[in-house]
Amino acid sequence: MIRDITLGQYYPTDSVLHRLDPRVKLCGTLVYVISLFLFQSFTGYIVATVFLVSLIIISHVPLSFMLKGLKAIMILLLFTAVLNAFLTPGRELVSFWKFHITIEGVRLAAFMVIRLVYLIVGSSILTLTTTPSDLTDGLEKSLGWLKAFSVPVNEIAMMMSIALTFIPVLLEETDRIIKAQQARGADFDSGNLIKRMKALVPILVPLFVSAFRRANDLALAMESRCYRGGDGRTKLYPLAYKTRDAVSYAILFIYLAAIVTAGILF
1 MIRDITLGQY YPTDSVLHRL DPRVKLCGTL VYVISLFLFQ SFTGYIVATV
51 FLVSLIIISH VPLSFMLKGL KAIMILLLFT AVLNAFLTPG RELVSFWKFH
101 ITIEGVRLAA FMVIRLVYLI VGSSILTLTT TPSDLTDGLE KSLGWLKAFS
151 VPVNEIAMMM SIALTFIPVL LEETDRIIKA QQARGADFDS GNLIKRMKAL
201 VPILVPLFVS AFRRANDLAL AMESRCYRGG DGRTKLYPLA YKTRDAVSYA
251 ILFIYLAAIV TAGILF
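So in my numbering, spot 261 of the sequence shown is number 261, and the numbers just go up one at a time.
Since the hints were made in silico from the structure, they are not lab data.
Don't take every hint at face value.
Heads up, simulated DSSO-like pairs for lysine-lysine below, C-alpha to C-alpha not over 30 Å straight-line [what the hints assert, rightly or not]: (1) 71 - 198; (2) 235 - 68; (3) 179 - 198; (4) 179 - 195; (5) 141 - 242; (6) 235 - 141; (7) 179 - 68; (8) 68 - 147; (9) 235 - 71; (10) 242 - 71; (11) 147 - 71; (12) 242 - 98.
Derived Cβ-Cβ restraints for the label pairs, each shown as a range [claimed, not checked]: (13) 226 - 87: 34 to 44 Å; (14) 63 - 162: 43 to 53 Å; (15) 82 - 146: 36 to 46 Å; (16) 68 - 27: 18 to 28 Å.
Just so we're clear, the structure is a prediction, and the values are computed from it rather than from any experiment.
Where is the CB? At the ideal position from N, CA and C, for every residue including glycine.
Start from the sequences and build out the full structure, keeping to the hints where you can.
So, in structure tokens, the structure goes:
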């Protein structure tokens with residue numbers, strides 16, 4: 001299960017998406033997430049599906065690698081589907097005891113599950129095709145206007161970059177601790193839910209200790225290098241828009257217009 005989490009991981013390969021300016025990918029991810037809630041029709045889902053599949057193809061990231069991240073939220077998807085199927089009023093489809101499943105509930109449950117899947121896969125494309133350093137630069141440039149309101153944009157971008165960098169590191173550390181505990185006879189798979197939760201204590205304690213130790217080492221390393229924030233610092237590769245970025249913005253605008261049209265007319 002731990003290895004199935006793809007959030008924060010970067011998949012190194014050569015593709016158009018990898019070469020795009022991080023500001024374009026940040027804007028595209030935001031627009032795509034918002035667009036998933038702008039329609040209620042099958043036409044809107046078709047447009048969103050075509051757009052998402054196109055991104056996956058041109059990213060050169062294996063589909064199996066992206067879908068692997070969905071295993072960690074299967075319980076959430078199932079819980080969402082069951083709640084919508086049973087609690088949505090409408091024409092009765094199946095009834096037993098005090099529970100009623102409606103046609104509208106099944107339709108809404110299917111749509112909500114699809115939206116959650118598209119939301120996770122679409123968001124994971126951002127981190128899979130963008131390095132943490134590029135993501136930090138893109139956030140600093142995109143949110144630079146907030147400096148006029150005394151918002152510490154550089155510090156916020158650095159914290160997000162460190163958090164994304166530490167996710168795969170901590171996941172690897174968790175997997176190592178689990179294997180070490182299993183080698184000593186620990187059992188994490190048997191018993192009821194309460195016993196399984198208690199079995200996680202020997203994992204959480206060394207994980208927190210390791211996380212604090214890594215955070216302290218990182219703070220000392222940044223302090224020894226006289227890091228004092230991003231103001232006035234120069235970039236080895238400063239961000240600059242290119243022709244492919246302008247084309248990407250145009251495609252993004254066309255996609256948003258198509259989603260809005262589908263939500264209004266269909």
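Taking the hints in turn, this is what the structure says about them:
{"no.": "1", "hint": "71 - 198", "verdict": "23 Å, holds"}
{"no.": "2", "hint": "235 - 68", "verdict": "35 Å, violated"}
{"no.": "3", "hint": "179 - 198", "verdict": "17 Å, holds"}
{"no.": "4", "hint": "179 - 195", "verdict": "18 Å, holds"}
{"no.": "5", "hint": "141 - 242", "verdict": "15 Å, holds"}
{"no.": "6", "hint": "235 - 141", "verdict": "12 Å, holds"}
{"no.": "7", "hint": "179 - 68", "verdict": "21 Å, holds"}
{"no.": "8", "hint": "68 - 147", "verdict": "38 Å, violated"}
{"no.": "9", "hint": "235 - 71", "verdict": "38 Å, violated"}
{"no.": "10", "hint": "242 - 71", "verdict": "37 Å, violated"}
{"no.": "11", "hint": "147 - 71", "verdict": "39 Å, violated"}
{"no.": "12", "hint": "242 - 98", "verdict": "60 Å, violated"}
{"no.": "13", "hint": "226 - 87: 34 to 44 Å", "verdict": "57 Å, violated"}
{"no.": "14", "hint": "63 - 162: 43 to 53 Å", "verdict": "29 Å, violated"}
{"no.": "15", "hint": "82 - 146: 36 to 46 Å", "verdict": "41 Å, holds"}
{"no.": "16", "hint": "68 - 27: 18 to 28 Å", "verdict": "26 Å, holds"}
Of the hints listed earlier, those the structure fails to meet are numbers 2, 8, 9, 10, 11, 12, 13, 14, in rising order.
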